[in-house]
Amino acid sequence: MSFVGLSSDEEQRMLKAIGVASFEELLAAVPRKARLERPLAVDGPLSEIELRRRFGDNARANAAEGAVSFLGGGIYDHYIPSALNALAMRSEFATAYTPYQPEVAQGTLTAIFEFQSLIAELTGCEVANASLYDGATAAVEAVLMARSQTGRARVVAAGAIHLHVLQVLNTYLDGRDLTLVPEHGGQVAPEDLEAAVGPDVACVLYQHPNFFGLLESPQTIHKLAHDAGALAIAHCDPIALALLEPPGASGADIVVGEGQSLGNPPSFGGPLLGFFACRASLVRRMPGRLAAETVDRHGRRGFVLTLQTREQHIRREKATSNICTNQGLLALRATIYMGLMGREGMREVAELCVQKTHHAARLAAAIPGYRLAHDGAFFREFALECPVDAAAVVRAGLERGILPGVDLGRFRPEWKRRLLVAVTEQRSAAEIERWAETLRTAGGKR
Amino acid sequence: MGYPADVRYTREHEWARMENGLVTVGITSYATEQLGDVVFVELPAVGKKFEASKAFGVVEAVKTVSDLYSPISGEVVAVNEALAADPALVNQQPYGEGWMIRLKPRDAAEFNQLLSNQDYEKLLEEQHA
Amino acid sequence: MSAQGERAPVSLERRLLIEQGGPGHRGPALPVCDVPTRPLAELLPGARLRASLEFPQVSEPEVVRHFIELSSLNHHIDRGFYPLGSCTMKHNPKINDELASLPGIALAHPLSPDEASQGALRVLHDLARTLAEITGFAAVTTQPAAGAQGETTGLLMIRAWHRSRGEGDRRRKVLVPDSAHGTNPASVHLVGYETVTVRSGSGANLDLAALKQALDPTVAAVMLTVPNTLGLFEPEILEVTRLAHEAGAQAYLDGANLNALVGLVRPGDLGFDVMHINVHKTFSTPHGGGGPGAGPVAVAAHLEPFLPVPVVTERDGRLRFDHDRPQSVGRVHSFYGNFGILVRALAYILTHGSSGLSRVSRTAILNANYLMRRLKTSYELPHDAHCMHEFVLSGRGLRKYGVKTLDVAKRLLDFGVHAPTVYFPLIVEEALMIEPTETETLDRLDHFAAAMERIAREARENPQVLRDAPLSTPNSRLDEGRAARELKLRWSVPGRETGAGAGRSAERQPIARS
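Chains as they are written, first to last, in my numbering: chain A, 9 to 454; chain B, 18 to 146; chain C, 695 to 1208.
No wet-lab data here; the hints were simulated from the structure.
Wrong hints could be hidden among the right ones.
[To be verified] Only pairs whose alpha carbons sit at most 30 Å apart, straight line, appear in this in silico DSBU-like list of lysine-lysine: (1) C:K1070 / A:K24; (2) C:K1070 / C:K1094; (3) B:K80 / C:K1070; (4) B:K80 / C:K1098.
Remember, it's a predicted structure, so these values are computed and weren't measured experimentally.
Extracted from the complex, chain A is given alone in its bound form (with noise of 0.2 Å):
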């Protein structure tokens, strides 16, 4: 089947408007010998009654389905308020398409300048792009941006940001000019980085909340890497940003992050909102797209995209990124989170997560054979050193319909005894219990 609404009928007719006697002529181009002379091997087609049968098969073959999550890792399971969905899942939003026309636009347009706004605010910068693909990309754009800016080509990260960043990051810069300095306890010590600066340092790199839960100290970074003539770039949470005083009113030069906590669902890791933001005199080489506040020809307020030259529609080879796409639809959903959850209801998540994070640490504490892996001060995550395998741990809960934490073994095997918990505002005094309660059997306390 296909969505195409013309009869034969029609068909006919239009062959002959265009003056050929058959489809085939349309094809002259077209050399015989690259002609695919069969149908192709897909299945289908299907119906929708069958659609839902064989995608309802796969959602009930993730454990998602009726589990309680304690996972983080980069991606949590928020509080996603039911009018956020009604709005967002409008068709208005969803299959407008890029605001290049902004008088037919505007709904777009606006939600966008309102998104940068609020990033601003909550990263204390001074402005902000209208999103890229991910976090990852987000701090790659940064550090490529920190490059361009200071003519310098290394980079200086911290160790104990998100793996997958730096693999990310390292992809992008073809395996060179990085330095990672290693972490000592879940947290990066200033003077290592300090150490790690020269003359030849672009930017210094680090993450707040870090991979492990953990806060660094921005302060004290920034300052190091200014004293280098490098910027620096802080890899940010949003949820902490509401509690947590904002690098951007610190001094960092840029800020980036992941905003998935922002109202969107896990997704199994995609699509991802890259949340990018810095200060004024940076924003000629800021990638992605930017909105701005302008009038009409009658004088009435309205937005448009703007400093479109940079982009590589325009600017080709030249531009400051190959970037053609933001995540138009969540950046929205992060908008409308924003906006109900507001001044109030920003804060009040923070500090549900961090009251209940550090509850559930205490309770694991409290546990034989179970330790906190770091000692530093965290946010809404923490790694759990246990006394078997976190595999372990990780299938004793699935049993019980329990996601109780990342595996850590899986990025690197010395912490295959450790698990990366999250607990987020979502999760009840029962829940937690539950959780503790599956550690103590898995521990082999049964």
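Start from chain A and add chains B and C according to the hints.
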């Protein structure tokens, strides 16, 4: 349309005026018409040196952007700071208040090799043929 | 034009969130904390907390009204036609959204163990296999988050392949036709290659002589779009890819125009080595006002070892992520790509099956040729030959009335149709690129053609109407020059002094080159 006789021209649509041993540079009214409203001009720092025909900056309009090429070799002794607040000066007075940089020429003879206003007009006619 | 600086007051409906509500206005409630609490200073010792968060305070009903109002200001494909060349704005089936929202799919976490993610892995595996079959390649990665990232990934794999053969340093250039989309040279540059532009011939196809001249042992790849950006199939394409291989280069296909080819021609059969696929074009995933899309990359067998990691593999009916890929170019995305979008693409393909997909390309080509025939009487058609799924007109002939292609585009908005792609490709003056797609009916095509014909007449008889357009949209023509000069990129919080980025103070200094 007439092009001022008191300046010389390049094939890339810059103009150059020699005064008191210094060369002032801007872009022609043909260029500004092609570009439309100028929104930003990226200019070099004072002290930078450029070879003839090398890019010294960028002029940005809403939907187009163009590199700016130095008519002669020399050192930048001044840039037009007024363009930061009012880039529209480039459109309004391309040969006057819309000037961009002032160079101390390395070799005064280079200036004489630039196009006269008549040569420039002829060039434009050829390009449009 | 209104006088400089004169602004009309903002209506109630068009207020921004920050301009509404106030203290005491709250959104949805959160549960009361049901665990024992401790003071933050004790839980986060030494942490600097923020002093304030200047976020809106708006009640839920007003937030809903705000976004409903915004939604009413958008044209969208569910409402009307978008004849945007190169964008393939086709119907977005609703079943796809429903399936992507199933809890087991929407809540799936990427760091669950493989055994707990068999359903998600099955989707990725099925899609990769299916796309490989449709495009005629050996393997597919679904990790790139968009077409542009797909280009980057494809070029990275080409680079890795040349390096594996000791030719990494020698091959520094990528050949790109002058009709190429802007992402092509931008991606080339991002990967560290140099772009060499090859001019098109007089017939708008590739100039083979120019191509041969440019192909030397320093060329890493030739990057093409087929059909090209004028909607024309490259009749010599088999020779082009042969020449590229003879020179030791790889052939990359920009898959933006795949809608013309599904079920008809497979790029792998044309001699290409790698391509990216824009699923938000050919495979109907919604545009979302600018994203998300996805850009899977399909490769010939010799490039398979270089695919981004991890790769989904199957053994004895069990699926897993294989991270042991020593020659991989690495990761390009935080996790496995835009999974929620990939679900939609797979559902779309399964809805169609082989017969449906063939009907898609057939009808796309039929619709485009029909429109081209009708419109060539009122607009200049630079290349009068049967097109594939799109064609390019020139608005050059209207210049004598003082009318530009931009004015035609703006006037179309008054007819409830989105403008076509304008000023692209660069090789056609005052270009109008039109791609109807297969989901527009004959009535819609005729309505569009009639609107275009009327606009051409208005250009002759009453050009001021075009220059004033649009007249019936929520805003009249917006001042883009002013936006770029003032650079107001964030809202002003009422009663609070905001810093640069919120007004004229935004960007005053020219950037001095260091």
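Against the structure, the hints come out as follows:
Taking the CA atoms of K1070 (chain C) and K24 (chain A), the gap is near 16 Å; set against the 30 Å cutoff, the hint holds. Annotation: proposed proximity of K1070 (chain C) to K1094 (chain C) holds, straight-line Cα distance about 18 Å (limit 30 Å). For the suggested pair K80 (chain B) and K1070 (chain C), the alpha carbons sit about 27 Å apart, so the restraint of at most 30 Å is met. Taken as a hint, the K80 (chain B) and K1098 (chain C) pair is honoured in the structure, with Cα atoms around 14 Å apart against an allowance of 30 Å.
Going down the numbered hints, you'll see the structure goes against none, and every one checks out.
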